[in-house]
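Protein chains: 2
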Amino acid sequence: MEAEDSWQEQTTTTGPHAGKSWWAWGRVAELRDLLQELPGTFGLSSELEQLRPPAVREVGQLLPKPRIELGSLPADVRSYCTDSDFERLFHSRGRDVTDVIASLHSKLGPIHDFVAYPSSEAEVAAMLHICSQRRIAVVPFGGGSSVVGGVEPVSADDGFAGCVALDLAMMNQVLEFDETSQCVRVQAGIYGPALEDILRQRGLTLRYFPQSFEFSTVGGWIATKGGGHFATGPTHIDDLVQSVRVVSPNGTTETRRVPASGAGPSELRLYAGSEGTLGVITEAWLKVRARPQTRASATVVFQAEGDADAAFELGAHCVRDMSQTGLQPANLRLVAGPEVVRSAGLAEPERKLLATAAVLLIGFEGQPGAASVINSQLSYLLAMAQQRGGLVVSQKLAEEVSQKQESTGERSGIAGSWGKGFMRGGYHMSAACLFPSVLVNTLETACTWASFPALHRAVLHAARTAMKRECGVQGEVTCRFTHVYPDGPAPYYTFVVLGLATTPGADSRVKMWQNIKRDVMQAIMEHGGTSTHHHAVGKLHLPQYRAERGALFGPTLSAMKAAHDSAGIMNPRLLEPSIRVPSKM
Amino acid sequence: MEAEDSWQEQTTTTGPHAGKSWWAWGRVAELRDLLQELPGTFGLSSELEQLRPPAVREVGQLLPKPRIELGSLPADVRSYCTDSDFERLFHSRGRDVTDVIASLHSKLGPIHDFVAYPSSEAEVAAMLHICSQRRIAVVPFGGGSSVVGGVEPVSADDGFAGCVALDLAMMNQVLEFDETSQCVRVQAGIYGPALEDILRQRGLTLRYFPQSFEFSTVGGWIATKGGGHFATGPTHIDDLVQSVRVVSPNGTTETRRVPASGAGPSELRLYAGSEGTLGVITEAWLKVRARPQTRASATVVFQAEGDADAAFELGAHCVRDMSQTGLQPANLRLVAGPEVVRSAGLAEPERKLLATAAVLLIGFEGQPGAASVINSQLSYLLAMAQQRGGLVVSQKLAEEVSQKQESTGERSGIAGSWGKGFMRGGYHMSAACLFPSVLVNTLETACTWASFPALHRAVLHAARTAMKRECGVQGEVTCRFTHVYPDGPAPYYTFVVLGLATTPGADSRVKMWQNIKRDVMQAIMEHGGTSTHHHAVGKLHLPQYRAERGALFGPTLSAMKAAHDSAGIMNPRLLEPSIRVPSKM
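Chains as they are written, first to last, in the numbering used here: chain R, 1 to 585; chain E, 1001 to 1585.
In isolation and in its complexed conformation, chain R is listed as follows (with noise of 0.2 Å):
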């Protein structure tokens, strides 16, 4: 009753976020059983050794008070605005590694001085001019997933009055229909599996499972453009939604919607990637589907005398050339053996074989009837995998999957063959935190074909010395694509440290990965990869980005900003933060 008692603390019982920790990924009834089975994952001796999250109250006594007044707000706004202590620090920070470590630690950063949760687009349209008029710094909020500062205030010496987390979570409803064009109307607020529940109903999927699905909401998706877990065709938010309404300080504005228009620059990719900086995303038309009904897959094996190294680049080479095919399997997934030994759980003899492996996940989908479609690229596929030496170990053909037995599979294995880690990986990454000598974390990028090899060697080469050198202790790096593009890949890094010499403090750990991470981010810089593929810029990436954008660009967010955001109070240090500051009103 006791331990039960101390996860009750890490959360609150009202809102919105009822049962979400205010520190870890997501709820903390999951945390906690997942931590059940988590030591033995990473070989260590006893759940003796797992830091103690700090309780809400404890880590409450070290909030700075907040500078915004509640009781200096009209009573009309106020009454959708809260300060409580779980609500700043929940809002206050994202879910990257980093993160959580410094709040198992009981470091804070900046705190939002207040949450705010409008309930319709006059509400958000009343905060943003009570804002821009006090200068207060505006953070919209999605699910608060980031994992690169996304969601973090301003700090307190920024220049401007205060801070406010917009959290869009009472906007969440799905509005409108249209089932002829297969498109549906929703407030941003609304969460993944919410949406898919309501779409289900109909026969309908958004088809868009990026990795955060369950603590995610339609408004972060497209306000970070990202990316879901299909590895081929339209699985990027931006291809996915139709249209979009924003709520900015200088107005409100929507795009026309309309499945394609030759007329003028794109408007809706303006907002896809915003990250908040231009205005309040609050309405979206979204592109849906029929559920598919039809599946095929295989798994093809990589092996290339041993060395894992050269195996996954034997697959890459074969994953090139099937992305050049014009087909668009639903999976097309190239897994560094070690990677899939270690997130599956297996034993012998399969860990034997695939510990010096690449192993290639191919799923296609469809509609009723189309198993001989479905059955005719997989075949295709199939013979272009073994011609560059795979070796085919499964293959199941076409089978139609009954309403019922999708309705009731998706939820728990939503990712398919993948496996059902994918979409508790959020979970693990926060429960490894807690164990002092493990440090995991994840990284992205995407880069031409041509480019990739030296790329992948310049990253595992980065990796490998950083590792050893912050850690002292020799860590583990594997690449799987998550996704592929017929001008090239998606690679998508996970670093594994276990047995960490001493027991770092949140410092040092922190400091370790911001190492290795610098080290690596200036290998995939340097031989032509993007800063982020699907993780967005936040805080986080924001150098790399400024170095990576057009030499115009920098100025063009500035200008598009003032063209929303006279007060340039949103999201104000976000994408373009030199130019922007905020002038007394």
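Check before you lean on any hint, since a few could be wrong.
[What the hints assert, rightly or not] Covered by chain E, according to a simulated footprint, are these stretches of chain R (three or more residues, beta-carbon under 8 Å): (1) 17-30; (2) 481-489.
[To be verified] Facing chain E, a subset of chain R residues (Cβ under 7 Å, in silico): (3) Val77; (4) Ser79; (5) Tyr80; (6) Cys81; (7) Lys225; (8) Thr255; (9) Ala260; (10) Arg269; (11) Lys287; (12) Ser372; (13) Leu542; (14) Met560.
Calculated from the structure, these hints are not laboratory results.
Note that beta-carbon positions come from the ideal geometry of N, C-alpha and C, so glycine has one too.
The hints should help you fit chain E onto chain R, whose structure is shown.
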């Protein structure tokens, strides 16, 4: 010999546009040949009914004196500038029917003061620098195929000291191949056929074939956000560009060359569709692919008891379902039967069969060995067509096209089963203008599937009413879908009026069309369509574009422009002309 001379007098023998007509689409020699057959097409009794196109020297006498003397330019800049009559005439108008008719009647609009042919980015930058200093408006010029007034100069009373057409024709090289990533770096001034000739030598293709293919350039495609002729999948130029370089008055900028990125709003999609208002696109990395070598196709006919409009709606319903399967046929083009009859010049009994039908052309293509994939895809769609009342009248199973066949067949039959006429559409349109009793034009939009039926009926009604009212005879309006998306089609309307009662002069035929188009555009905008699917905004669609875009996008365009073009000289009348007021510097 005399007649031959009169054709030669409509063109020039020097420079990159030697042999092209000053007033019509394309080359005078091809137009002359086409005119042999055209009277028959329109049922005209005699070639004598043709207007006589004015010679360059005739209209040259009407040209205003250039406001900018070439002698006033620095010698190094002057060396790539010209103010010859042909060059000024050729560059001052696009090739819409209204342009052609006015030119044929020697009615000139605003005229460029001179034309610049830079050979390098440095020369582009030097010209922009001088123009910024001297308040000379700059109109970037690709192939000049605009049908929306996209290349016209500013008027003499527009507050500028003059206007120059900046023609990129000398910057027409393929600079670099990355065959691993299937990408190619090209200068923006390269024309479609030259690019495809070079790609073909390596077995590659951009697979981008707009109707203007022969007379348009990579830079023009990107600046106007053009659409190729494939019906589904990546067919818009913005889907086929990996990165661009832009020389602006405020500096040169380049987007990063990666297959995808989650970093910030899309820079690329800011320049795509910018219509020369931000700067001059000088280079692009294009995404190419292996030339397809396996093709299958079929033709399906829909009938509705002799009602052509009802047959088209029946076909539209079927195409909608096909567009939502996830398959991406190269061709999926629904064409009103009367249009097929006219463009294919069919005789009985096909003529009678199709006059009240709608015809659906389906095509798939793929790489060697993909025959079974392609056949299964085609079968899947044909089964769907039959279920929805379509009659499969022909079907050609997948066969491999040899490299030899393919390379000889490509030039004359690039649009595959859609017929040779497509690529000669521009000639037909210009040629028709020669006959005062004929009025022909087209326009296009895109809308959701839900809005299509009402939009379509409103367009047909508005068009028929307006044609009768304006022309005094009953014209014909037909529809085809040039592109289809899961959320809606892009209907393309063709208007043909024959036997105009009197012989109208330039002003009256232009006015007739403007009034017809005004009514049809109003129907489109009221029913949720876009002002343009792939013809761009230009001057022609500016009123609709202003109404269509979001409330904050006008100021945003102005702000983006200011960040690129402080002096406001770049194509200053397009996209957001109301804000830019050039100031003396």
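* Numbers of the earlier hints that this structure fails to satisfy, in rising order -> 1, 3, 4, 5, 6, 13
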